[in-house]
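From just these sequences and the hints, can you work out the full model?
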Amino acid sequence: MAHVDRLSNVRVLVFGGTSGIGFAVANLVLSKGSQVIISGSKQAKVDDKVALLQSYYPSNPASNITGHAVDLLDTPNLEKNLTALFDTVTEQGQKKLDHIVFTAGDALTLPKVDNVTTESAMLGFKVRLQAPVIIGKLIHTGKYVTTAPSSSFTVTGGTNTKKPMKGWFMGASFGASIEGCMRGLAVDLAPVRVNMVQPGMIDTEILQKFFSQFPAETVEQMKLTHGLLGTIGEPSDVAEAYAWLMRDRNVTGTVAASDNGRLLKG
10 MAHVDRLSNV
20 RVLVFGGTSG
30 IGFAVANLVL
40 SKGSQVIISG
50 SKQAKVDDKV
60 ALLQSYYPSN
70 PASNITGHAV
80 DLLDTPNLEK
90 NLTALFDTVT
100 EQGQKKLDHI
110 VFTAGDALTL
120 PKVDNVTTES
130 AMLGFKVRLQ
140 APVIIGKLIH
150 TGKYVTTAPS
160 SSFTVTGGTN
170 TKKPMKGWFM
180 GASFGASIEG
190 CMRGLAVDLA
200 PVRVNMVQPG
210 MIDTEILQKF
220 FSQFPAETVE
230 QMKLTHGLLG
240 TIGEPSDVAE
250 AYAWLMRDRN
260 VTGTVAASDN
270 GRLLKG
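In my numbering, the protein residues as written are 10 to 275.
It is possible that part of the hints are untrue.
20 angstroms max Cα-Cα, derived EDC-like pairs, lysine to aspartate or glutamate [claimed, not checked]:
id: 1; residue 1: Lys146; residue 2: Glu100
id: 2; residue 1: Lys232; residue 2: Asp212
id: 3; residue 1: Lys51; residue 2: Glu88
id: 4; residue 1: Lys146; residue 2: Glu229
id: 5; residue 1: Lys146; residue 2: Glu214
id: 6; residue 1: Lys146; residue 2: Glu226
id: 7; residue 1: Lys232; residue 2: Glu243
id: 8; residue 1: Lys232; residue 2: Asp246
id: 9; residue 1: Lys135; residue 2: Asp115
id: 10; residue 1: Lys152; residue 2: Glu100
id: 11; residue 1: Lys135; residue 2: Glu88
id: 12; residue 1: Lys274; residue 2: Glu229
id: 13; residue 1: Lys51; residue 2: Asp83
id: 14; residue 1: Lys41; residue 2: Asp14
id: 15; residue 1: Lys175; residue 2: Asp246
id: 16; residue 1: Lys152; residue 2: Glu88
id: 17; residue 1: Lys41; residue 2: Asp246
id: 18; residue 1: Lys218; residue 2: Asp115
id: 19; residue 1: Lys218; residue 2: Glu229
id: 20; residue 1: Lys54; residue 2: Asp83
id: 21; residue 1: Lys152; residue 2: Asp197
id: 22; residue 1: Lys51; residue 2: Asp96
id: 23; residue 1: Lys51; residue 2: Glu214
id: 24; residue 1: Lys51; residue 2: Asp115
id: 25; residue 1: Lys146; residue 2: Glu88
id: 26; residue 1: Lys135; residue 2: Asp83
id: 27; residue 1: Lys175; residue 2: Asp123
id: 28; residue 1: Lys274; residue 2: Asp212
id: 29; residue 1: Lys54; residue 2: Asp115
id: 30; residue 1: Lys146; residue 2: Glu128
id: 31; residue 1: Lys171; residue 2: Asp197
id: 32; residue 1: Lys218; residue 2: Asp257
id: 33; residue 1: Lys54; residue 2: Asp14
id: 34; residue 1: Lys232; residue 2: Glu214
id: 35; residue 1: Lys172; residue 2: Asp197
id: 36; residue 1: Lys135; residue 2: Asp80
id: 37; residue 1: Lys41; residue 2: Asp257
id: 38; residue 1: Lys135; residue 2: Glu188
No lab work stands behind these hints, which were simulated from the structure alone.
As the structure is a prediction and not an experimental result, all values here were calculated from the model.
What follows is the structure, given as structure tokens:
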């Protein structure tokens, strides 16, 4: 029989879909005929990015791309706000999701060993761990996501978990926590599949803010020596890893690396 693209006519919710990797994932799946919902922290930015994506594909129905804001840093109201989002985008569970992609993150908080406190150590887990945990809980209800191997939840880690730079011990902790969470959720949410993408250095807005603290020549050297390829990845490159994990109904509990060979770099 003829091959059918498994990203056609499916419903995909992308957290962090207004910038960087998340926007690239939304762009990719929209190009394949998916119905895409993007989420970010500010409704004005969400609306701007929805309009931009609609302009890329003018022949697509406008309803194929929508967006809703949710503040993932509002920890006391996180479960209530995420539940309201899921109720809205699924019309109270009448239109279930097929895939959820989580690329959201806030400004990196990286306390050093000599000044870390119990409070500062926990800041980086608010968005990167607590939000996926509650999303996993909502998937488990069976109300919002089709309960089948055709459905997936994909989270985002990073190479600093396995090869941390100096001063990144908390960054390694964030990544390790979400990787462990992913594997546990793969067991608890089956047959819905749960996986993680491990990007290396990707040219996103967050990376540009990180680069801004260094001289230009230092930034160029970092790009050249980061991995094996003499460059850094683009969001559209790593988006392909998320697409694989959505399409392949036989993969769960897996880390897909799009890291420029960084772990092999001396």
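Each hint tested on the structure:
no.	hint	result
1	Lys146 with Glu100	18 angstroms, holds
2	Lys232 with Asp212	10 angstroms, holds
3	Lys51 with Glu88	18 angstroms, holds
4	Lys146 with Glu229	42 angstroms, violated
5	Lys146 with Glu214	30 angstroms, violated
6	Lys146 with Glu226	46 angstroms, violated
7	Lys232 with Glu243	12 angstroms, holds
8	Lys232 with Asp246	16 angstroms, holds
9	Lys135 with Asp115	9 angstroms, holds
10	Lys152 with Glu100	10 angstroms, holds
11	Lys135 with Glu88	12 angstroms, holds
12	Lys274 with Glu229	17 angstroms, holds
13	Lys51 with Asp83	13 angstroms, holds
14	Lys41 with Asp14	7 angstroms, holds
15	Lys175 with Asp246	27 angstroms, violated
16	Lys152 with Glu88	15 angstroms, holds
17	Lys41 with Asp246	16 angstroms, holds
18	Lys218 with Asp115	12 angstroms, holds
19	Lys218 with Glu229	15 angstroms, holds
20	Lys54 with Asp83	18 angstroms, holds
21	Lys152 with Asp197	16 angstroms, holds
22	Lys51 with Asp96	19 angstroms, holds
23	Lys51 with Glu214	16 angstroms, holds
24	Lys51 with Asp115	13 angstroms, holds
25	Lys146 with Glu88	9 angstroms, holds
26	Lys135 with Asp83	9 angstroms, holds
27	Lys175 with Asp123	13 angstroms, holds
28	Lys274 with Asp212	19 angstroms, holds
29	Lys54 with Asp115	15 angstroms, holds
30	Lys146 with Glu128	25 angstroms, violated
31	Lys171 with Asp197	25 angstroms, violated
32	Lys218 with Asp257	34 angstroms, violated
33	Lys54 with Asp14	30 angstroms, violated
34	Lys232 with Glu214	15 angstroms, holds
35	Lys172 with Asp197	28 angstroms, violated
36	Lys135 with Asp80	11 angstroms, holds
37	Lys41 with Asp257	15 angstroms, holds
38	Lys135 with Glu188	15 angstroms, holds
Hint violations for this structure: numbers 4, 5, 6, 15, 30, 31, 32, 33 and 35, all remaining hints satisfied.
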